[in-house]
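Chains as they are written, first to last, in our numbering: chain A, 1 to 276; chain B, 1 to 276.
If you are wondering where the hints come from, they were derived from the structure by calculation, not from laboratory data.
Incorrect hints may appear among the rest.
Identical chains blur together in the list; that is why a pair holds if it fits in one copy or across any two.
[What the hints assert, rightly or not] Computed cross-link-like contacts, DSSO-like style, restricted to lysine-lysine with a CA-CA straight-line distance of at most 30 Å:
id, residue 1, residue 2
1, 272, 86
2, 102, 208
3, 140, 45
4, 11, 86
5, 246, 88
6, 118, 240
7, 107, 14
8, 240, 117
9, 11, 103
10, 45, 129
11, 246, 159
12, 44, 240
13, 107, 132
14, 272, 118
15, 156, 118
16, 168, 11
17, 88, 117
18, 44, 118
19, 180, 52
20, 132, 73
21, 11, 52
22, 86, 208
23, 45, 118
24, 272, 156
25, 208, 88
26, 86, 45
27, 238, 140
Since this is a predicted model, take the numbers as computed values, not measurements.
There are 2 protein chains.
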Amino acid sequence: MRDRESYFIEKISKDSRKYIGDDGVLLGDYIVSSDSFFEDVHFKKSWMSLGKIAKKSLLVNISDAIAMNSTPKYMILNISIPEEFKLKDIDALVEGFLEVAKKYDIKIVGGDTIRGKKLDISITLLSTKRGKIVKRSGLKRGDIIFYTGSLGSCAKDLKRLISGENLKRSKMIEPILNPKFFYEASRFFSSAMDISDGLFFELQRLSKINRVGFRFFSSFDKRIGCSGEEYEVLFSIKRKDQNAIKRIARKNRVTLKRVAIALRGRFRSYCKPHHQ
Amino acid sequence: MRDRESYFIEKISKDSRKYIGDDGVLLGDYIVSSDSFFEDVHFKKSWMSLGKIAKKSLLVNISDAIAMNSTPKYMILNISIPEEFKLKDIDALVEGFLEVAKKYDIKIVGGDTIRGKKLDISITLLSTKRGKIVKRSGLKRGDIIFYTGSLGSCAKDLKRLISGENLKRSKMIEPILNPKFFYEASRFFSSAMDISDGLFFELQRLSKINRVGFRFFSSFDKRIGCSGEEYEVLFSIKRKDQNAIKRIARKNRVTLKRVAIALRGRFRSYCKPHHQ
Numbered sequence: 001m002r003d004r005e006s007y008f009i010e011k012i013s014k015d016s017r018k019y020i021g022d023d024g025v026l027l028g029d030y031i032v033s034s035d036s037f038f039e040d041v042h043f044k045k046s047w048m049s050l051g052k053i054a055k056k057s058l059l060v061n062i063s064d065a066i067a068m069n070s071t072p073k074y075m076i077l078n079i080s081i082p083e084e085f086k087l088k089d090i091d092a093l094v095e096g097f098l099e100v101a102k103k104y105d106i107k108i109v110g111g112d113t114i115r116g117k118k119l120d121i122s123i124t125l126l127s128t129k130r131g132k133i134v135k136r137s138g139l140k141r142g143d144i145i146f147y148t149g150s151l152g153s154c155a156k157d158l159k160r161l162i163s164g165e166n167l168k169r170s171k172m173i174e175p176i177l178n179p180k181f182f183y184e185a186s187r188f189f190s191s192a193m194d195i196s197d198g199l200f201f202e203l204q205r206l207s208k209i210n211r212v213g214f215r216f217f218s219s220f221d222k223r224i225g226c227s228g229e230e231y232e233v234l235f236s237i238k239r240k241d242q243n244a245i246k247r248i249a250r251k252n253r254v255t256l257k258r259v260a261i262a263l264r265g266r267f268r269s270y271c272k273p274h275h276q
Numbered sequence: 001m002r003d004r005e006s007y008f009i010e011k012i013s014k015d016s017r018k019y020i021g022d023d024g025v026l027l028g029d030y031i032v033s034s035d036s037f038f039e040d041v042h043f044k045k046s047w048m049s050l051g052k053i054a055k056k057s058l059l060v061n062i063s064d065a066i067a068m069n070s071t072p073k074y075m076i077l078n079i080s081i082p083e084e085f086k087l088k089d090i091d092a093l094v095e096g097f098l099e100v101a102k103k104y105d106i107k108i109v110g111g112d113t114i115r116g117k118k119l120d121i122s123i124t125l126l127s128t129k130r131g132k133i134v135k136r137s138g139l140k141r142g143d144i145i146f147y148t149g150s151l152g153s154c155a156k157d158l159k160r161l162i163s164g165e166n167l168k169r170s171k172m173i174e175p176i177l178n179p180k181f182f183y184e185a186s187r188f189f190s191s192a193m194d195i196s197d198g199l200f201f202e203l204q205r206l207s208k209i210n211r212v213g214f215r216f217f218s219s220f221d222k223r224i225g226c227s228g229e230e231y232e233v234l235f236s237i238k239r240k241d242q243n244a245i246k247r248i249a250r251k252n253r254v255t256l257k258r259v260a261i262a263l264r265g266r267f268r269s270y271c272k273p274h275h276q
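Based on the provided sequences and hints, a complete structural model is requested.
Written out as structure tokens, the structure reads:
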């Protein structure tokens with residue numbers, strides 16, 4: 001149940017509402033964001049190589065940083081390494097982290113390394129803002145909602161992984177981020193977030209935060225709307241900026257899907273939470 | 001074995017040596033520090049109430065912030081909550097976190113809450129510096145090493161916990177921090193750190209970082225020297241500042257133990273790592 005976690009968040013943040021609810025928070029010079037990637041919660045070791053696990057744990061964090069319109073600079077890594085790991089397993093992990101850190105020019109500055117039962121990773125990123133900070137709030141009635149890329153493959157691939165299939169290429173293994181598109185297009189965004197819990201669930205969040213409902217431009221199957229861990233970007237723009245955004249998408253070879261227009265009302269997801 | 005974790009840290013930090021090795025790191029306006037507190041690694045649920053677990057997980061992080069001579073301001077909380085937890089269990093956790101956060105005036109600004117098998121907590125603190133930053137490096141030959149309070153009770157109490165005894169009052173359950181003493185005395189410190197892995201192990205770290213050995217003023221039993229999770233402060237000062245530091249300690253009702261003088265040489269701990 002997501003409920004127990006929501007209950008915790010509700011209670012723990014009662015004195016700090018103004019900070020909670022976005023992918024990250026601005027503190028001094030940095031946007032700070034944090035995500036965990038735990039064995040048997042977010043992944044099974046059999047699903048992908050250790051290098052891929054390390055990469056994904058960092059990429060999903062970078063996705064949050066990008067979604068706030070910030071550039072990740074520093075990384076705090078808390079990791080529990082299973083006791084049975086061999087040195088070559090550790091090498092594989094390190095290689096994965098360093099490959100992504102190098103690509104995005106992120107310095108690893110601290111954290112905590114412990115010996116545990118499972119491979120559990122929590123990462124905190126400190127990122128510098130670029131132009132205006134993009135938040136989940138800011139969406140107004142009349143704005144048009146889009147997402148990047150396509151949705152649905154991750155739910156399908158998750159099923160295949162659970163059934164024991166081996167996947168080579170999948171966004172479920174390695175999310176595809178489009179920082180260039182985001183950074184260039186962000187000046188038009190009235191709100192944005194990454195799609196980690198599925199389109200419908202993120203729309204429910206947008207609905208709640210911005211007190212809007214949606215009129216959909218087409219119908220979205222639950223195989224699309226409930227597919228989590230897509231790490232595509234969900235964003236809203238003014239109606240008049242649609243051509244500008246399409247141009248930037250074409251230039252960056254990003255496809256866009258027009259989802260809905262924001263209206264008076266309320267939207268609730270009917271998907272089951274995708275992490276058990 | 002600590003070795004595998006050291007190997008990981010060695011490899012992962014090869015491009016970022018200048019950041020790694022202290023209790024925290026200065027990034028922009030903040031000292032950033034992070035520590036994990038995992039079930040079956042750092043504690044068993046049978047050892048203490050959920051409120052005490054939450055409190056300790058935060059206190060050990062505050063200990064790091066103090067040891068860098070900084071005031072904790074913001075907290076990022078990553079927590080895995082076991083699926084069988086009832087709402088009252090969550091209330092107990094929240095109460096523990098909020099009690100300490102309130103006492104130290106720390107705002108909870110983000111993190112990640114997941115549903116897992118175990119109660120695993122990782123906290124990252126952003127703290128503002130007060131005067132000079134105190135590091136593990138900076139210790140010079142001729143400096144005198146002290147620690148605060150007394151050592152040994154935690155190893156003893158850990159054994160009692162493992163054997164199933166119930167402990168009411170113990171530093172093993174609730175570390176005692178002395179921020180007032182630290183902040184006032186810190187201008188005299190040439191180096192400082194908190195004692196989380198035991199006196200001898202921390203001295204080994206000081207020896208390695210500062211390329212010094214130690215001549216001890218008295219002999220320290222391994223029941224003292226190998227006792228971890230004490231969260232007392234280990235610090236060094238110039239010989240001439242000994243009276244000043246003793247005055248500040250008396251004023252703050254902190255006892256001090258004079259450990260050693262730093263000399264040419266090298267010191268190695270012979271303790272077994274205390275987390276398996």
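Cross-check of the supplied hints:
no., hint, in the structure
1, 272 <-> 86, "between (37 Å within a copy, 21 Å between copies)"
2, 102 <-> 208, "between (37 Å within a copy, 29 Å between copies)"
3, 140 <-> 45, "neither (42 Å within a copy, 47 Å between copies)"
4, 11 <-> 86, "between (41 Å within a copy, 14 Å between copies)"
5, 246 <-> 88, "neither (46 Å within a copy, 50 Å between copies)"
6, 118 <-> 240, "neither (50 Å within a copy, 50 Å between copies)"
7, 107 <-> 14, "between (33 Å within a copy, 10 Å between copies)"
8, 240 <-> 117, "neither (53 Å within a copy, 49 Å between copies)"
9, 11 <-> 103, "between (38 Å within a copy, 17 Å between copies)"
10, 45 <-> 129, "neither (34 Å within a copy, 41 Å between copies)"
11, 246 <-> 159, "neither (33 Å within a copy, 65 Å between copies)"
12, 44 <-> 240, "neither (45 Å within a copy, 58 Å between copies)"
13, 107 <-> 132, "both (24 Å within a copy, 24 Å between copies)"
14, 272 <-> 118, "both (26 Å within a copy, 23 Å between copies)"
15, 156 <-> 118, "both (26 Å within a copy, 28 Å between copies)"
16, 168 <-> 11, "between (41 Å within a copy, 27 Å between copies)"
17, 88 <-> 117, "both (18 Å within a copy, 27 Å between copies)"
18, 44 <-> 118, "both (10 Å within a copy, 16 Å between copies)"
19, 180 <-> 52, "within (23 Å within a copy, 46 Å between copies)"
20, 132 <-> 73, "both (17 Å within a copy, 24 Å between copies)"
21, 11 <-> 52, "between (35 Å within a copy, 17 Å between copies)"
22, 86 <-> 208, "between (47 Å within a copy, 26 Å between copies)"
23, 45 <-> 118, "both (9 Å within a copy, 18 Å between copies)"
24, 272 <-> 156, "within (15 Å within a copy, 48 Å between copies)"
25, 208 <-> 88, "between (47 Å within a copy, 27 Å between copies)"
26, 86 <-> 45, "both (14 Å within a copy, 29 Å between copies)"
27, 238 <-> 140, "within (8 Å within a copy, 62 Å between copies)"
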